[in-house]
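There are 2 protein chains.
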Amino acid sequence: MKKKRDLYFIGIGPGDPELLTLKAVRLIKECDVLFFPAGKKTKGDSIALKIVGDIIDIDKKQISFLHFPMVKGAEKIVSAAEPSAEVIDKELSEDKTGVFITVGCSTIYSTAGNLFVTLKNKDINIHFIPGISSINATASAAGFPLVYSEEKLAVLPATYSRDRIESCIDDFETVVLMKVHSSIEIIRELLDKKDFLNTSFLVERATTGEEKVLCMSDIPEGYKPHYMSSLLIKKKYGE
Amino acid sequence: MKKKRDLYFIGIGPGDPELLTLKAVRLIKECDVLFFPAGKKTKGDSIALKIVGDIIDIDKKQISFLHFPMVKGAEKIVSAAEPSAEVIDKELSEDKTGVFITVGCSTIYSTAGNLFVTLKNKDINIHFIPGISSINATASAAGFPLVYSEEKLAVLPATYSRDRIESCIDDFETVVLMKVHSSIEIIRELLDKKDFLNTSFLVERATTGEEKVLCMSDIPEGYKPHYMSSLLIKKKYGE
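Each protein sequence line maps, in turn, to chains A and B. Numbers 7 to 245, taken from my numbering, label the letters of the first sequence in order. Numbers 7 to 245, taken from my numbering, label the letters of the second sequence in order.
Think of the hints as simulated: they come from the structure by calculation, not from any bench. Fair warning: there could be bad hints in the mix.
Once the Cα atoms are required to be at most 20 Å apart in a straight line, the calculated SDA-like pairs of lysine to any residue come out as [stated by the list, open to error]: (1) B:K158 with A:S167; (2) A:K82 with B:K241; (3) B:K96 with B:D63; (4) A:K158 with B:K78.
Beyond 12 Å from chain A on every Cβ pair, some chain B residues (computed) [what the hints assert, rightly or not]: (5) K46; (6) D63; (7) K67; (8) K78; (9) E97; (10) S112; (11) S140; (12) Y154; (13) E156; (14) K158; (15) D177; (16) E191; (17) E195; (18) T205; (19) L220.
Glycine included, each C-beta is placed from N, C-alpha and C at the ideal position.
The following block holds chain A by itself, in its conformation from the complex (with noise of 0.2 Å):
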């Protein structure tokens, strides 16, 4: 029978290097094989090779960098993630252990999840190994809690239907608006009919050097935000 191979989804947080829990630092300094999610032609996230180049020599290690072409819909997400899936498969050979890099945590929004449905149906044993993700880290960023007491939290894409967005700040205490950079102005107008714009903080790069954290009540129009970009959006503000 065939040996099953230990593969680690890794959250490295979300831009902090000191953001990384002591087990994916030695994990990722352990593992035989690291793979990192890359462009087409770039090698590998600049954030993510800079906080583990921080960690290991990189030259010293096998990596292993996979593209994930950009598609829309769960399908053809999980078919586009099926090449990378592959090579995973190929160069874990037995006995091997691999880390598979991932910004922010390993189990929201991140590549391991297009990755998961493809992998395990083969012999590899898959560990998601929780990192702080940047829904977290927003809500440190603008300094005030995310959810206490009974609040719910909902977190959903910004490229929804306005509708659906509108239904949930209806609906729930605080809302987490991810890849919020191409819709920003549909979100704007949204709050301001809501009368939420105090109270709505859009954060970029979180807990990077870069952070920014602007009200969006003090957002000028045509505003372009950073792709690494999220909002919060809350009803009531320390109260």
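Given chain A, work out where chain B should sit, using these hints.
Quick look at chain B alone, frame taken from chain A:
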């Protein structure tokens, strides 16, 4: 002018001492005063004390145990935390740095949220340092992503009304119910009606040595979950 003092709300993760961040470890070592939430007669949460005790010599640190009475409703929760806020204000004398320890993430259903409202009006610089929350830990323990692609996530206390929980299950691909131990029978009946028993997982004491992951379809009637339990409801599992 009185100098502002620094207080760090630090999430130490869900239980596994390896899930502390490097930042949490550094700040716990460096701070002058450590604050722990504690029972009325006990000396702090045993998990938190054990995790922090592995990092520093507790006996050599200035430590303050703070009691938070169990009450319901945001206003009462804030009032009940006022005496603890006063203790922090008093013990954190000028030029001192304090760390308030919370299990999980300091931004999510943490006692830090109860203190925050009172403390923000005092001359204290408040910093939320995110930790691994039990939400992410629940998904990693169950062994699959919380959300990927265009999925939406709802997080809410299981003590909500059955109707509101049902409407979340209808609208969201993934629902995480916190503090599920006292509502397990109502939730089970709801999941049965919706035919989601097979894709819902009760996770007790995630990431600790006593972690248990139970599919809801396998749980016997009358089962009493540990109080540190979350329920992960997925509409589809690994498809």
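Verification of the hints:
1. B:K158 with A:S167: Answer holds: K158 (chain B) to S167 (chain A) is near 12 Å, not above 20 Å.
2. A:K82 with B:K241: holds, 19 Å
3. B:K96 with B:D63: Status violated; Cα separation ~24 Å.
4. A:K158 with B:K78: Holds, at roughly 15 Å.
5. K46: holds, 20 Å
6. D63: Holds, since 19 Å exceeds 12 Å.
7. K67: At roughly 20 Å from the nearest Cβ of chain A, K67 (chain B) sits farther out than 12 Å, so the non-interface label holds.
8. K78: violated, 8 Å
9. E97: E97 (chain B) clear of chain A: closest Cβ-Cβ about 22 Å, beyond 12 Å.
10. S112: violated, 7 Å
11. S140: Since the minimum Cβ distance to chain A is about 10 Å, S140 (chain B) lies within 12 Å and the statement is violated.
12. Y154: violated, 3 Å
13. E156: Incorrect as stated: the minimum Cβ-Cβ distance to chain A is 6 Å, not above 12 Å.
14. K158: Answer for K158 (chain B): violated, closest chain A Cβ roughly 4 Å.
15. D177: D177 (chain B) is in fact no farther than 12 Å from some Cβ atom of chain A, at 8 Å.
16. E191: holds, 20 Å
17. E195: holds, 21 Å
18. T205: About 14 Å separates T205 (chain B) from the closest Cβ of chain A, which puts it past 12 Å; holds.
19. L220: holds, 18 Å
Violated hints for the displayed structure, listed by number in ascending order: 3, 8, 10, 11, 12, 13, 14, 15.
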